[in-house]
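Visitor: Spelled out from the first residue to the last, the chains are:
Number of protein chains: 4
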Amino acid sequence: MSDSQTTLAELRELVRHFVAERDWQQFHNPKNLAMSISIEAAELMEHFQWLTPQQAAQVTGSGAKLAEVGEELADVLCYALALANELNLDVANTVRAKLLKNAIKYPADAFKGRYGANDRGTMER
Amino acid sequence: MSDSQTTLAELRELVRHFVAERDWQQFHNPKNLAMSISIEAAELMEHFQWLTPQQAAQVTGSGAKLAEVGEELADVLCYALALANELNLDVANTVRAKLLKNAIKYPADAFKGRYGANDRGTMER
Amino acid sequence: MSDSQTTLAELRELVRHFVAERDWQQFHNPKNLAMSISIEAAELMEHFQWLTPQQAAQVTGSGAKLAEVGEELADVLCYALALANELNLDVANTVRAKLLKNAIKYPADAFKGRYGANDRGTMER
Amino acid sequence: MSDSQTTLAELRELVRHFVAERDWQQFHNPKNLAMSISIEAAELMEHFQWLTPQQAAQVTGSGAKLAEVGEELADVLCYALALANELNLDVANTVRAKLLKNAIKYPADAFKGRYGANDRGTMER
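Chains as they are written, first to last, in our numbering: chain E, 122 to 246; chain C, 122 to 246; chain D, 122 to 246; chain P, 122 to 246.
Each hint can be trusted.
DSSO-like cross-link-like pairs, simulated, lysine-lysine; straight-line CA separation at most 30 Å:
| id | chain 1 | residue 1 | chain 2 | residue 2 |
| --- | --- | --- | --- | --- |
| 1 | D | LYS222 | C | LYS186 |
| 2 | P | LYS219 | P | LYS233 |
| 3 | E | LYS186 | C | LYS222 |
| 4 | D | LYS186 | P | LYS226 |
| 5 | P | LYS186 | D | LYS226 |
| 6 | P | LYS226 | E | LYS186 |
| 7 | P | LYS233 | E | LYS186 |
| 8 | C | LYS233 | C | LYS222 |
| 9 | E | LYS233 | P | LYS186 |
| 10 | E | LYS219 | C | LYS186 |
| 11 | D | LYS186 | P | LYS219 |
| 12 | P | LYS222 | E | LYS186 |
| 13 | E | LYS226 | P | LYS186 |
| 14 | D | LYS186 | C | LYS226 |
| 15 | E | LYS219 | E | LYS233 |
| 16 | C | LYS226 | E | LYS186 |
| 17 | D | LYS186 | C | LYS233 |
| 18 | D | LYS222 | D | LYS233 |
| 19 | P | LYS233 | P | LYS222 |
| 20 | D | LYS233 | C | LYS186 |
| 21 | P | LYS186 | E | LYS222 |
| 22 | E | LYS233 | E | LYS222 |
| 23 | D | LYS222 | P | LYS186 |
| 24 | E | LYS222 | C | LYS186 |
| 25 | C | LYS186 | E | LYS226 |
| 26 | D | LYS186 | P | LYS222 |
| 27 | C | LYS186 | D | LYS226 |
| 28 | C | LYS222 | D | LYS186 |
None of these hints come from the bench; they were simulated from the model.
Could you put the whole structure together from the sequences, leaning on the hints where they help?
Guide: Following this line, the structure appears as structure tokens:
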């Protein structure tokens with residue numbers, strides 16, 4: 122069941138069920154979940170810590186490395202979805218709204234292949 | 122179009138399109154994207170920096186605060202989906218595989234409402 | 122040789138020497154070092170991931186736990202000092218300047234035991 | 122008063138005094154401080170988010186940029202020293218001990234200009 126066949130709701134439910142059957146919601150206040158997303162994000166970064174950007178881009182060519190990076194990304198996403206569950210936030214609508222806000226801040230014609238005073242290729246702020 | 126009506130593929134395509142129409146893929150090597158997820162995760166944490174867990178849990182009751190936290194979570198998710206796009210990783214399958222791996226590591230009956238030597242309520246490691 | 126007997130310069134030199142005798146400066150550009158500080162900061166956070174603030178405060182009472190936390194803090198500091206070395210930044214003067222800037226932003230009489238609109242007990246921003 | 126004239130104890134005392142005169146210790150449990158170090162580390166990373174390593178290395182040549190980066194590094198260090206104060210950890214001894222541990226793990230002759238299976242130029246783990 123790939124991304125084209127899985128809704129956000131279905132993926133959130135997998136996470137919710139995993140947490141609930143272990144009775145772990147008691148630990149899932151927003152502060153702990155935000156901290157957990159950061160902890161996993163750092164483990165993801167660690168795979169690229171000393172690599173040049175070119176070396177980093179080669180990770181798609183290595184099955185083993187790609188699998189490891191995929192697992193760290195999955196950890197980030199699991200905690201992010203757990204936080205969405207905890208806060209009753211609709212992920213699709215929240216992401217759409219932020220992209221719309223960013224589209225106004227970074228009109229495509231003005232920012233095509235370039236960036237503002239401080240940022241390059243950032244999707245927000 | 123809420124989470125029950127949006128597939129992972131559709132959400133990833135929104136992100137891909139946003140990046141492409143600004144010709145920003147040139148900046149989206151995995152190292153920069155991993156760093157970006159961390160940067161946004163820290164902005165999310167900032168909303169809970171000095172709050173007690175009880176105060177943190179009250180964020181669902183405040184419309185304005187909840188909206189701010191939602192925006193930060195959207196930023197984390199946008200960069201995570203951008204990384205999935207960059208690495209051609211199927212998010213649904215990657216998350217499912219990780220949850221299965223965690224289910225073996227943390228059998229529900231053995232870990233119900235409790236935790237291992239070091240971890241409590243963690244979905245991975 | 123404790124903190125009262127060690128200057129910042131001496132501690133920076135220990136780090137510089139460690140890096141130099143392994144010829145590791147080639148990897149120590151500011152981007153990689155900033156990423157490394159974040160990676161270690163997350164490992165430090167992991168020790169408190171699911172603890173309540175009260176449980177977190179009890180870490181001083183446990184020799185083994187305190188030693189583990191100390192090692193993570195040392196890792197953060199080593200990379201921070203490595204970055205100061207790389208950028209030729211005087212740590213003492215930089216910290217003093219920032220504390221002065223913060224003292225103006227958060228006058229003691231106005232912020233005694235309380236906080237601004239968003240922040241509590243923060244030393245900066 | 123530069124790094125060669127300032128002891129770790131003196132710098133820690135500056136931080137302790139700043140916190141105490143605002144009666145902010147009540148917010149400084151280790152969990153919040155660990156979170157704060159991470160938040161500031163991410164603000165430091167943000168200055169290099171989209172730069173190539175070469176562009177990142179050029180920051181020493183720009184007075185304004187170097188000052189900004191210095192302020193972020195100062196924020197990281199302030200919270201790290203606040204945590205050392207909170208945990209009564211001697212920074213110099215803790216850092217020395219960790220460097221000794223790393224020296225055994227990464228003997229200079231074996232790791233000169235090279236790295237282990239996964240890591241390059243890392244000072245720990």
